[in-house]
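For reference, the chains in residue letters:
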Amino acid sequence: MQFIDPHVHMVSRTTDDYEAMAAAGVVALIEPAFWLGQPRTEVGSFKDYFSTLVGWERFRSSQFGIRHYCTMGLNSKEANNEPLAEAVMELLPLYATKEGVVAIGEIGYDDQSAAEDKYFRQQIELALELDLPILIHTPHRDKKNGTYRSMDVLEEHGCDPTKVIIDHCNEETAREVLDRGYWTAFTIYPGTKMGNARMVDLMKQYGPERIIVDSSADWGISDPLSVPKTAALMLQRGISEADVRKVTYQNAYDAYSQSGQMDEAHWQDAPEVDQNQLFSGNSVLRAGRRTSEQVEDADNIVY
Amino acid sequence: MNPTLHHLLQKHLPPKANTWLEGKLTALQTDFQPRSFYLAFGACPRFLGKDPLTFTEAELSSLTVAYPNFSATEWTTDQLGRILLATALPTETNVEVLDTLFGTADYRELIALYKGLYFLDNAPDFVPRTREGLRTNMTGVFDAIALENPYPARYLDEDAWNHMVLKAMFMQRPMYRIYRIEDRKNAKLADIFLDYAEERRSAYRPVSPELWRFIDGFVTDRARTALEKTRETGTPLERRAVEKVLAPDAEAVSWNVIGREVETALAG
Ligand SMILES: [Zn+2]
Chain G
19 MQFIDPHVHM VSRTTDDYEA MAAAGVVALI EPAFWLGQPR TEVGSFKDYF STLVGWERFR
79 SSQFGIRHYC TMGLNSKEAN NEPLAEAVME LLPLYATKEG VVAIGEIGYD DQSAAEDKYF
139 RQQIELALEL DLPILIHTPH RDKKNGTYRS MDVLEEHGCD PTKVIIDHCN EETAREVLDR
199 GYWTAFTIYP GTKMGNARMV DLMKQYGPER IIVDSSADWG ISDPLSVPKT AALMLQRGIS
259 EADVRKVTYQ NAYDAYSQSG QMDEAHWQDA PEVDQNQLFS GNSVLRAGRR TSEQVEDADN
319 IVY
Chain F
8 MNPTLHHLLQ KHLPPKANTW LEGKLTALQT DFQPRSFYLA FGACPRFLGK DPLTFTEAEL
68 SSLTVAYPNF SATEWTTDQL GRILLATALP TETNVEVLDT LFGTADYREL IALYKGLYFL
128 DNAPDFVPRT REGLRTNMTG VFDAIALENP YPARYLDEDA WNHMVLKAMF MQRPMYRIYR
188 IEDRKNAKLA DIFLDYAEER RSAYRPVSPE LWRFIDGFVT DRARTALEKT RETGTPLERR
248 AVEKVLAPDA EAVSWNVIGR EVETALAG
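Protein sequences, first through last, are from chains G and F.
If you want the working numbering, it's the position in the first sequence, counting the first as 1, plus 18.
If you want the working numbering, it's the position in the second sequence, counting the first as 1, plus 7.
Since the hints were made in silico from the structure, they are not lab data.
Don't be surprised by glycine CBs; every beta carbon is placed ideally from N, CA and C.
It is possible that some hints are incorrect.
Chain F is nowhere near these chain G residues, computed Cβ spacing over 10 Å in every case [to be verified]:
(1) Ala-105
(2) Gly-118
(3) Gly-238
In silico SDA-like cross-links for lysine to any residue, where the CA-CA straight-line distance does not exceed 25 Å [as the list claims (entries may be wrong)]:
(4) F:Lys-174 to G:Asp-129
(5) F:Lys-57 to G:Phe-82
(6) G:Lys-65 to F:Leu-67
(7) F:Lys-57 to G:Leu-148
(8) F:Lys-174 to G:Asp-66
(9) F:Lys-57 to G:Leu-112
(10) G:Lys-65 to F:Thr-137
With the rest of the complex left out, here is chain G (with noise of 0.2 Å):
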C-alpha cells in the first residue's frame, strides 16, 4: 500500500528513517513548521528553517523517493515573543507562495494567550488571502477548549472548513470537530498523544470520512512508521483496505492538494527523481550506498 504520512518533522529525523519510510510504502509527506523543542531568539533562525524546508529537506527527502511538502506558518509557543513574532510575520508571505508548500500552519494555540490569538488571527487572514488551506495545531493542555475556541475563531473569520484540517485530536474533542465540517486528524504518537490501538477503535466509531492519520514524529520518542504501522494494525483488526486508504493517503491528498502545489503525479510519474541525484556522493548517501559491498569490502568493515 501507498501512504501519506501529512504531519512529520523531517528536519529531527535521520536517514534511516527516511529509508524505513520510502521501505514501508510513504510516497509523500507534508512537514509543519512548528517550534524546534527550544524557542528561536533571532528571525534569522526562522528564516533559515523556512528556507531548510524548502530546499535542504526537500532535496533531502526525494533522495529516498519520497515527496516532500511543508506548512509554513509561527507556531503559538512562539507567538508570545512579540517583538520576534512581528519579524517572523514579515517572513512568512516571502515563504508561503513558495513551490510545494501545501498550508498556513501548524497555527492554533499553545497556552491560549492574547499573543497568541492575535498571531492565529493574522495567520487566518494570510491564508485567506493566498486560497491556502490551514493546518491546525490544537493544544495539549485544556485540549477541549482550546480545539473549540480554534474553529470558533476560524469561523469568526469566514473559513471554509474543508480547506482546514484540526490536528491532534483525541476521543474527546473528535465528535465536535467532524460535525462542524473539518478534516479531522489524530497523531499517533505514543506517551502523549494517541495510540494505534486507539485509533483502530476511532475508526470504528466514526468511520472514515474526513479522518487523517498521521505521525508527527519530531524530536520526541515518536514513530515515523505510525502511519503504516496503523494501517498494518487497522486490516489486521477488520477494516476494509478501501476505508484504510482513505484515511493513511486519500483524504491528506485531498485537503492538501487544494493548495494546487501537491499532486498524484508528482510521485506516481517521478522523472524528476533522477537515479543520478540519488545517489550523488557528497550529499546525504554519503560513500554511495548502491556501491556499499564494494567500500565494505575495501575498508575491511566487518558486519
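Chain G is already provided as a structure; the job is to place chain F with the ligand on it using the hints.
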C-alpha cells in the same frame, strides 16, 4: 533587461503568459520596488508554467554571445521568465536585491538564479555569490552552477575554479559536462587530483577514470608512477584512461566519451 532573452520568451510564451510577464516587466521599469520583483519572481511557475522549451537552430545561434553553451541544458518557461526578471533589475542594486532572494529561495528558484547569472550585465559582481552557491550539498543546485554553465569558466579565478572541479569529483558529477573543462586545466589542479588519487588508493577506494583527464598534459614523475600503477591494477575503463595520458599520440577515444561511459556506469 536582456533583449535577446526577452525576444525569445515573447515568441515562445502563450498570449496570457506574455501579458502577465510584460506587465511585471513594465512595473519593474517604471517604478522599481523590490517587493513586487520578489512576488513576480515567486509567481513565475504559476503564470508561465514549468514546461521545457524547444528552440530553433537560428534562435540558439542568436544566443551564443549572450550565453555560450545555452543549448546544452534544458530551459523551462518559469526558469527563463525568472531570469529575464532578474536581468531587468537595475545593476546598481541588483547584488543586494538578489542576495535577499538567494537567502530565501526554494530549490527551483536557486537553480534558475544560478543558471541565469551569466545573463546579468554585471555578472562579475556575482563571484562571491557563486562561490557561496558551490558550498551547497543539493546536487541540483550544484549542477546548475558547475555543469554546462558558462559562468565559472569565465569568472572564477584559478583557486575557486579548482575548488569547484574538485568538489564536482567528490560529488561524482559528470566532469565532462563542466563547461571549458579542458581549457582551464592547470598544474595545481593536476597536483591536487594526484593527492586525491593517492588518498583513495590508501583507503582501498576506487577513483573515477575521469580523474586522469586532469593529469593529462601534466605528467610529472609522481604522476607517471600513479598512472603506471593504475595501468596494472585498474578497471578496463581506468586502464583506457591512463593509457590515453601515457601515450598522448596514440589513437584513443576522447575524454568526453570516457566521461559519458563513467556516467552511464554510475547511473547503471
Ligand atoms: Zn507538529
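Quiz item: For Gly-118 of chain G, which was marked as not at the interface, is the minimum beta-carbon distance to chain F over 10 Å?
Solution: violated, 7 Å
Quiz item: Is the nearest Cβ of chain F still more than 10 Å from the Cβ of Ala-105 of chain G?
Solution: Fine: 14 Å to the nearest Cβ keeps Ala-105 of chain G off the interface.
Quiz item: Closest CB-CB distance from Gly-238 of chain G to chain F, is it above 10 Å?
Solution: holds, 27 Å
Quiz prompt | 25 Å Cα cutoff - pair Lys-57 of chain F, Leu-148 of chain G | solution = holds, 20 Å
Practice problem: Sort out whether Thr-137 of chain F lies within 25 Å of Lys-65 of chain G, counting only the CA atoms. | Solution: holds, 21 Å
Exercise. Would you mind confirming whether the straight-line C-alpha gap from Lys-65 of chain G to Leu-67 of chain F stays at or under 25 Å?
Key: violated, 39 Å
Self-check item: Pairwise hint evaluation, Phe-82 of chain G against Lys-57 of chain F, where the allowed Cα distance is 25 Å at most
Solution: holds, 24 Å
Quiz item: Is the Cα-Cα distance between Lys-57 of chain F and Leu-112 of chain G 25 Å or less?
Solution: holds, 20 Å
Exercise. Below or equal to 25 Å on CA atoms is what counts here, so check Lys-174 of chain F against Asp-66 of chain G.
Key: Distance of about 24 Å is within 25 Å: holds.
Quiz item: Keeping to a limit of 25 Å between CA atoms, is the pair of Lys-174 of chain F and Asp-129 of chain G held or broken?
Solution: Outside the cut-off at roughly 48 Å; violated.
Going down the numbered hints, you'll see the structure goes against 2, 4 and 6, while the others check out.
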